[in-house]
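Join the two chains into one complex using the hints; note that each chain is given alone, in its own frame.
Read off the chains here:
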Amino acid sequence: MELKDLIKPENLVYDKTSILEDEPMHYCPGCSHGVVHKILAELIGEMGIQEKTIGVAPVGCAVFAYRYLNIDWQEAAHGRAPAVATGIVRLKPDNFVFTYQGDGDLASIGTAEIMHACNRGENILVIFINNGIYGMTGGQMAPTTLEGMVTSTTPTGRNIDLNGYPMKITDLIAQLPGTSYVTRQAVHTAAATLKCKRSLKKAIENVLDKKGTSFVEVVSTCNSGWKMTPVGANQWMEDNMIPYYPLGDLKDSVKGEHKSEN
Amino acid sequence: MGELRLMKGNEVLAEAAIRCGCDGYFGYPITPQSEVMETLMLRQPWNETGMVVLQAESEVASINMVYGAAGSGKKSMTSSSSPGISLMAEGISYIAGAELPCLIVNVQRGGPGLGTIQPSQADYFQAVKGGGHGDYKLIVLAPASVQEMNDFVDLGFELAFKYRNPAMILTDGALGQMMEKVELADFKPRWTDEEINEKWGDWATTGKPSSRKKNVINSLEMDSDIMEANNRRFQEKYKQMEKEETRYELFQCDDADFIIIAYGSSSRVCQKSVEIARAKGLKVGLLRPITLFPFPNKIIAELARKAKGFLSVEMSAGQMVEDIKLAVYESGRNTRVNHFGRTGGIIPTPSEVVDALEDKFSWELSYGVKRSY
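Top to bottom, those sequences are chains A and B.
Here this note's numbering is used: the first residue of the first sequence is 1, the next is one more, and so on.
Here this note's numbering is used: the first residue of the second sequence is 1, the next is one more, and so on.
Check the hints yourself; a few may be wrong.
To be verified - Mimicking DSS-like on lysine-lysine, the simulated pairs with C-alpha atoms at most 30 angstroms apart in a straight line are: (1) A/K52 / B/K272; (2) A/K210 / B/K162; (3) B/K162 / A/K52; (4) A/K38 / B/K188; (5) A/K201 / B/K213; (6) A/K52 / B/K188; (7) B/K243 / B/K129.
Because the hints were derived from the structure by calculation, they are not lab data.
Just chain B, with the same shape it has in the complex (with noise of 0.2 angstroms):
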């Protein structure tokens, strides 16, 4: 077993980075995340594995140091919350439109605008959509617990690495600043720029040796041809990891008439909303999904088959019930589809969910599903 420790979601992000051989952190500070940088800066990881971490002037110019340490293939990422990450649009579609590998953290606020330092889910669309211009997606993982905090991060990297593509963990402000028992990761390595040419490929910026071409780290074609081939190329991948890399957990499905569907800090509430609906004699069942993208679309449309309902618990005014919607269209069956949710930084109580479960499927509870007590 690893170390156990009782720490705060963010204080886990950066101490999981500097164990998975993280090479580079760059960051900007913004609340509710700002413990990240702070604990990396006091943990100086440089004097013990040679990472490197720099507070940068911007999260335009965090987002640019990643591209360019990623570019380099070094295992590098930045953290932020909400209006941050707009920022960092640009620099995301250009590090996913080069296909460089790295992570990004958005620990979410709410919005729009300065909002709120409260926890929110209302990036979920600019999380899974892309967020900035063009036509590309990113490896969204959503973390429910600080332990999940841990693991994402190497996780992470691996899923970057992989598919040479930015991966994302989307958590919010809540998890951020929960403080829980965690059981950290052992200490991996810095990779060496050998063992990167070996295990991922010669594609890095290093310095042009006379044993190989030039590498260019590039976004830019002028040649439409090739640049809809470089867009069918990324769309395989995507494809591919939608094959490969879902991750979802169920809880009490196997019997269910209505499935709420939740991630991050949500899906916690509704665990107790299952219980508590159970308990009225309503056969309840919770979806959670681990990877936003790629999105459990599988698994809802076979749920679909049974279930009379599925309720999309967010702390948004309704995103990730559209995704909820497609897949059951796409399915074939018309099983209903209700969002329930909070914003302004208001996390949903495990009663109210139930109750709005119970308004919103009140026609189904009163014609075709029976109570059992």
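Pulled out of the complex, with its shape left as it was, chain A reads as follows (with noise of 0.2 angstroms):
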């Protein structure tokens, strides 16, 4: 049999969503940031929402993120992408709009804006990639770098009387009674992808239906910045990060629950 007659669509087993550009991607091998891109994008296109949508990317590692999906994108000063992910879906209520940020971005310099946009239950996605650390600028602290942890800003170890401890931004933001659902998710294992991807489809969901915001955060490996190998980064995210940051939903309601609970 030629290889010629294998292809066929009764054939086909896996299929690359046209949402996801042909364009390589920058992102070190073994980074979290391709696969919840690719999720993503699957997403947007199985669900048919590409003429609906627009993006907000982060200024981050990705920072590129509006090279690889075929949607609509605008490009966020550090930080600001929920301020600008509010000016979009005030004036275009009907669009969906989400936001992808990394900890650097989201829970350090944009705490402000982030904490505002779910505060008001803004009708968006927040996509929130949490390696604790800073990859794009070359391996610095985050707010999210666990206690001990090396990086170029804390050669010795992530110092809590120097430095403070490690923010669990997506517990605060559970409590903020603008969102309707958060949760923590990763994607290191065949198994958490699926189940990260179910999570964005529900979020995605609340957000088609217009019930606040929803907030996905995935635990992620940065295996260039961590200093490992992809394979040893997912191991030290699994005994390490995940213990800290355990995976799950936090909130799984509809906006304004607390508020009448008051």
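This is the structure we're talking about:
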């Protein structure tokens, strides 16, 4: 049998979504970003929402996210993606607007913007990549860097007295009545990736149903910044990151539910 | 004739925004311009035109909301006062870099720092030289009356969309708080997405249909050659503005030996100064720049052929005076340029401007210029 005889629709087991551009990604091999991009692109394709979708890219490793997904994008200043998304969604309430942000962007310089966007219950999806480090600038300490973790600005490990504690910002976000669905996922195994994709789908559905802010944290690896092999980084994440940032849903409700309890 | 009302400058900014079909206002309270958002919230334009008004958590957020809305092709604006505009500098630079149209209003107060809530013109440099990082310019309009506060909202949006560039109304606490008669504009309907595409091009993020490539609103470019080409394009755009959009007003300049140059609140004071000076036999005129960028270089160069001196009158320690000196330098003349300013929130009086003129040009008055009674 020739190869061309095998290439038939009925033999198709996997198809790259057309939402994902044929553009080589700049991400390091082993990085979680590529996987999250892929499942997000698949969902936009499967759910048929390309014409509705406007993405807001961050400053950080995902600064070039707009190169990889074939949708309309706006590139925000560092930390300001939730404000940019607010401006878009308030004037285009029937569009599906999402931000894609890292831990430095969302949990450090953009803390005010994310808190207030979530507190207003902006009808957007926030994808939060937490790898505990600033990847793009060369591996400096992030607000989510674990205690004792070595980075280029904590060469002897993160010192709590000096740097404070790793911030569980998703736990804070879950307290805000504007959020409807807050979850923490990972993409380091096939099973985790499938689960993460299901969570993202639910988050997108919530936004399409105008239920307020949906927030999906993805605990991620940065093997280059962590100075590990891709496999070693996955293992280190499982042993160290996930115990501190446990996976699972933090909140699954409709916007404003907490408010009515008061 | 349109509807006549007696209104505060700040209130008029809000009313003009609603009437010109503005889609979104995002702001944060700061004295002396809080009435802009208060008026909007009271008017509830979302019931009338569908205009969105949102109080943001900071000026940083406000300007980035404007970025998002403008990136979707919507007519969006913010207003603030000096310290708030400093916070917006980052966002304004990104808006200029991404070539987005929007309107920013600065109702200036005195600085530096927290300074004073009294009027000032000390943000001239910040407004006309860009204000944030990188090589960029804003279109800067300087109203001198409540009527112009009204007129420049629509004009600001018009120019912003024409050039895909942020426009700024640079005014101050005196004009913001002052009540005057104003003829309001008629209501214009808000643009639909289709009208925006047709009129201004298909660059906005609206959600990608299959009929076009994706639109990306962005100021980032890693290829130095392309980034330089972008910068060249911006500079061409600013040159085009200088050619086509320079606006100014002349007051008794035809026979003037001395010309006062002043904008906004101080230009109102200086009209009276011209009268006082002329009663004293001094041939004094007034040039009022209406656009601060583009700056009226050409008319200054022309006036420099006849005038013995220019006096820049500003509520600052001397900022616009530098641009006047440049304009005179480029004209090849050596007409003297002086500055008189009050700071700290103080508006100069007409007679102290005349005293300053007589003092600073005492040599010319003693030897070169005859008084005519």
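Here's how the hints hold up against the structure:
Of the supplied pair hints, the one linking A/K52 and B/K272 is violated, its CA atoms being roughly 58 angstroms apart against a limit of 30 angstroms. With a C-alpha separation of about 35 angstroms, the suggested pair A/K210 and B/K162 falls outside the 30 angstroms cut-off, and the hint is violated. For the proposed pair B/K162 and A/K52, the alpha carbon gap of about 27 angstroms is at most 30 angstroms, so the pair holds. At most 30 angstroms may separate the alpha-carbon atoms for a hinted pair to count; A/K38 and B/K188 exceed this at roughly 44 angstroms.
Between A/K201 and B/K213, the direct Cα distance comes to roughly 25 angstroms. Compliance with the 30 angstroms bound is thereby established for this hinted pair. Restraint check: the Cα-Cα separation between A/K52 and B/K188 comes to about 28 angstroms, which is no more than 30 angstroms; the hinted pair holds. Straight-line distance between C-alpha atoms of B/K243 and B/K129 comes to about 18 angstroms, which keeps the hinted pair within the 30 angstroms bound.
Consistency with the previously given hints fails for numbers 1, 2 and 4, ordered from lowest to highest.
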